[in-house]
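Trainee: Each chain is listed here by its residues.
Number of protein chains: 2
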Amino acid sequence: MTNTQIVIAELPSDSLTPAHFKQTTADMPVAGDGQVLLKVILMSIDAANRSWMKGATYRAAVNAGDAMPTYAICEVVESNSDRLAVGDIAASEATWSNFVVADAHKCEKLPKVPQLSNLMSVYGIAGKTAYHGLISVGQPVAGETVLVSAAAGSVGGYVGQIAKALGCRVVGIAGGAEKCKWVTEELGFDACIDYRAPGMSKALRAACPDGVDVYFDNVGGTVLEAALFAMNEKGRIVCCGAVSQYDTETPTGPRNLPGLVVVKRLRMEGFIVMDWTQNDAKALRALQTWVDAGQIKVTEDIVDGLENAPQALIGLLAGENKGKRMVRVAADPS
Amino acid sequence: MTNTQIVIAELPSDSLTPAHFKQTTADMPVAGDGQVLLKVILMSIDAANRSWMKGATYRAAVNAGDAMPTYAICEVVESNSDRLAVGDIAASEATWSNFVVADAHKCEKLPKVPQLSNLMSVYGIAGKTAYHGLISVGQPVAGETVLVSAAAGSVGGYVGQIAKALGCRVVGIAGGAEKCKWVTEELGFDACIDYRAPGMSKALRAACPDGVDVYFDNVGGTVLEAALFAMNEKGRIVCCGAVSQYDTETPTGPRNLPGLVVVKRLRMEGFIVMDWTQNDAKALRALQTWVDAGQIKVTEDIVDGLENAPQALIGLLAGENKGKRMVRVAADPS
Numbered sequence: 001m002t003n004t005q006i007v008i009a010e011l012p013s014d015s016l017t018p019a020h021f022k023q024t025t026a027d028m029p030v031a032g033d034g035q036v037l038l039k040v041i042l043m044s045i046d047a048a049n050r051s052w053m054k055g056a057t058y059r060a061a062v063n064a065g066d067a068m069p070t071y072a073i074c075e076v077v078e079s080n081s082d083r084l085a086v087g088d089i090a091a092s093e094a095t096w097s098n099f100v101v102a103d104a105h106k107c108e109k110l111p112k113v114p115q116l117s118n119l120m121s122v123y124g125i126a127g128k129t130a131y132h133g134l135i136s137v138g139q140p141v142a143g144e145t146v147l148v149s150a151a152a153g154s155v156g157g158y159v160g161q162i163a164k165a166l167g168c169r170v171v172g173i174a175g176g177a178e179k180c181k182w183v184t185e186e187l188g189f190d191a192c193i194d195y196r197a198p199g200m201s202k203a204l205r206a207a208c209p210d211g212v213d214v215y216f217d218n219v220g221g222t223v224l225e226a227a228l229f230a231m232n233e234k235g236r237i238v239c240c241g242a243v244s245q246y247d248t249e250t251p252t253g254p255r256n257l258p259g260l261v262v263v264k265r266l267r268m269e270g271f272i273v274m275d276w277t278q279n280d281a282k283a284l285r286a287l288q289t290w291v292d293a294g295q296i297k298v299t300e301d302i303v304d305g306l307e308n309a310p311q312a313l314i315g316l317l318a319g320e321n322k323g324k325r326m327v328r329v330a331a332d333p334s
Numbered sequence: 001m002t003n004t005q006i007v008i009a010e011l012p013s014d015s016l017t018p019a020h021f022k023q024t025t026a027d028m029p030v031a032g033d034g035q036v037l038l039k040v041i042l043m044s045i046d047a048a049n050r051s052w053m054k055g056a057t058y059r060a061a062v063n064a065g066d067a068m069p070t071y072a073i074c075e076v077v078e079s080n081s082d083r084l085a086v087g088d089i090a091a092s093e094a095t096w097s098n099f100v101v102a103d104a105h106k107c108e109k110l111p112k113v114p115q116l117s118n119l120m121s122v123y124g125i126a127g128k129t130a131y132h133g134l135i136s137v138g139q140p141v142a143g144e145t146v147l148v149s150a151a152a153g154s155v156g157g158y159v160g161q162i163a164k165a166l167g168c169r170v171v172g173i174a175g176g177a178e179k180c181k182w183v184t185e186e187l188g189f190d191a192c193i194d195y196r197a198p199g200m201s202k203a204l205r206a207a208c209p210d211g212v213d214v215y216f217d218n219v220g221g222t223v224l225e226a227a228l229f230a231m232n233e234k235g236r237i238v239c240c241g242a243v244s245q246y247d248t249e250t251p252t253g254p255r256n257l258p259g260l261v262v263v264k265r266l267r268m269e270g271f272i273v274m275d276w277t278q279n280d281a282k283a284l285r286a287l288q289t290w291v292d293a294g295q296i297k298v299t300e301d302i303v304d305g306l307e308n309a310p311q312a313l314i315g316l317l318a319g320e321n322k323g324k325r326m327v328r329v330a331a332d333p334s
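In order, the protein sequences belong to chains A and B.
In terms of the working numbering, the first sequence is residues 1 to 334.
In terms of the working numbering, the second sequence is residues 1 to 334.
Next comes chain A alone, as it looks inside the complex:
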């Protein structure tokens, strides 16, 4: 038996293209002591994949020849550990592959739910990132204005829906009129600004007549700069990502940031979802409550087929997804 993988053919020096990947066939990996063989079902596609190609971050750098790392939902097909049994569903670090081997103690056993994809969207990394970042870092209060970039993206859509459930005015930023319409009509944001249309700063001021109290930043760059000008005193900027900066070798910084941070006494704070696992149970209970009450719609954007993973990531970086993007490598077990 062999194992299909997508590996990095060459590290990008600027924008990512399909030529930076190649499909290869490896031998079937073998599970050692304490390890499990996992069949990959769903892979999470994240802007962070691109940032890992730029050097070491909170994880080691990804280099040419490596299979792209990913967070995945898998089925256990062989087990050399008491922790997991064949047939169990587990979340694990994996790679863009049909099969991977993992240390059983690093896997998280998941419940068998009707749709495994929900464990990657609203009840997974997307929903938990939105919850922890907004609630614990942004600390919004009912009546405040919350601004969210990449509002049609995997995290942004949940951020805005949670903020609405908390009683905030919610304004999104997204790319293109069609996405903005989806954000307001489907997700219930109060307004959504098209950052590709001229006059973004003016539109931002009009949509936030009382200024911005919490800005949930997924993009960095010029959108962050525009948001800084709109922030109220004592405003909070939740730094969740900088997708505008990942796919380029010439990043730009918000030009008047240090001055504005002082004058407005802003707090700007980065976080990653793994920092807040101690609050996961609370997050899941809240998310479930809002989903059951119809206050949060579950948004998923599933691309079929391992071979389509490169294009799924390239498209994500270009902003084509609506909701949490993932790649389905195999069907949910029946």
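Source of the hints: derived by calculation from the structure; they are not laboratory data.
As the structure is a prediction and not an experimental result, all values here were calculated from the model.
Mixed in with the good hints, there may be bad ones.
Identical copies look the same in the list; a pair holds intra-copy or inter-copy alike.
[To be verified] Keeping only pairs whose Cα atoms sit at most 30 Å apart, straight-line, the calculated BS3-like set for lysine-lysine is: (1) 22 with 234; (2) 112 with 264; (3) 264 with 282; (4) 264 with 234; (5) 282 with 234; (6) 22 with 282; (7) 112 with 22; (8) 54 with 282; (9) 264 with 54; (10) 106 with 234; (11) 109 with 264; (12) 282 with 202; (13) 264 with 106.
Once you have looked at the hints, place chain B on chain A.
Mentor: Frame of chain A; chain B shown alone:
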């Protein structure tokens, strides 16, 4: 009787020069009901003076024709209020003038200490800014590394000395070898880096072998960018000022800021000293204790004469001061 004032002749479009000021003679101001006539003794010279010329901040913009606003220590020479008596010493908002009128309820009555200048340096805005910013925003712990820019400046010198008293490794950044020598030998910093010398980033890494846990930023710009690369995970950046950005119309932002803030989960927070007045008594007690124990040296840089205020500010922006800069307009009352 007339009153000499220094007013803005023209707002600068780039660097500040003496031509942006002119000396004028105004009528003696008259104290109304509830007001006092104040004789200005000492005026605080701050980089913030320059930022007020750029537009509205936490105070109204300063415009051509206005006398430059300042924080001042004054003697009450006429009083139409029960709150202050003739001969009292008071801190007040003032202007670059020999005499000003102020609302008595906006003045702060000061103790009569042997040297009034101490109420503007270590026991005044400089010491309190250093204390509140470092302790309440930066939250350093013994053993951590604290980096301070403008280390020879009014605030930076106290920040470093407080951090040393708390058991931190303290590294300064200052302009020129002579200032760096003063910072280490006179103020007791563990190291000081000359940002004007080549190889600042490399020198920074060498001086901070365990990385930087707290960066107290007085300057913004390229020094902030270098500091961001040196920050440890969960590091705190105290945004106290951005002096490198005030005297220019082409500010620059730290290019990879949004990405690094996320990856390292940094917290970057602006503050101004007035936000923390509720902790002033605690700050003054601690500062007094450290001064009495010889752990903090009082550093003052006093320029004599109202007419020299423009050059005192221009020189401050060029980084020529060591310690808290002020202008003496009149002698301490005997």
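Trainee: Decide, hint by hint, whether the structure agrees.
Mentor: Taking the hints in turn, this is what the structure says about them:
Taking CA atoms no more than 30 Å apart as the test, residue 22 paired with residue 234 passes in neither setting, with 48 Å inside one copy and 37 Å between copies. For the homomeric pair residue 112 and residue 264, neither the shortest alpha-carbon distance inside one copy (48 Å) nor that between copies (34 Å) is at most 30 Å. Only between protomers do residue 264 and residue 282 lie at most 30 Å apart by alpha-carbon distance; the minimum there is 25 Å, versus 32 Å within a single protomer. In this homomeric assembly, residue 264 and residue 234 come within 30 Å of each other (Cα to Cα) both inside a single copy, at 6 Å, and across copies, at 22 Å.
For the homomeric pair residue 282 and residue 234, the shortest alpha-carbon distances inside one copy (27 Å) and between copies (23 Å) are both at most 30 Å. Proximity of residue 22 and residue 282 under a CA criterion of 30 Å is satisfied in neither setting, with 41 Å inside one chain copy and 63 Å between copies. Taking the shortest Cα distances, residue 112 and residue 22 never come within 30 Å of each other, neither inside one copy (33 Å) nor across copies (78 Å). In this assembly of identical chains, residue 54 and residue 282 lie within 30 Å of each other by CA distance neither inside one copy nor across copies; the values are 34 Å within and 46 Å between.
Taking the closest pair of Cα atoms, residue 264 and residue 54 come within 30 Å of each other only across two copies (15 Å); inside a single copy the shortest separation is 33 Å, beyond that limit. For the homomeric pair residue 106 and residue 234, the shortest alpha-carbon distance between copies (24 Å) is at most 30 Å, but the shortest distance inside one copy (40 Å) is not. Taking CA atoms no more than 30 Å apart as the test, residue 109 paired with residue 264 passes between copies only; the shortest distance there is 28 Å, against 45 Å inside one copy. Taking CA atoms no more than 30 Å apart as the test, residue 282 paired with residue 202 passes in neither setting, with 38 Å inside one copy and 44 Å between copies.
Taking identical chains as interchangeable, the C-alpha atoms of residue 264 and residue 106 lie at most 30 Å apart only when they sit on different chains, with a minimum of 23 Å there against 43 Å within one chain.
Taken one by one, the earlier hints fail for this structure at numbers 1, 2, 6, 7, 8 and 12, listed in ascending order.
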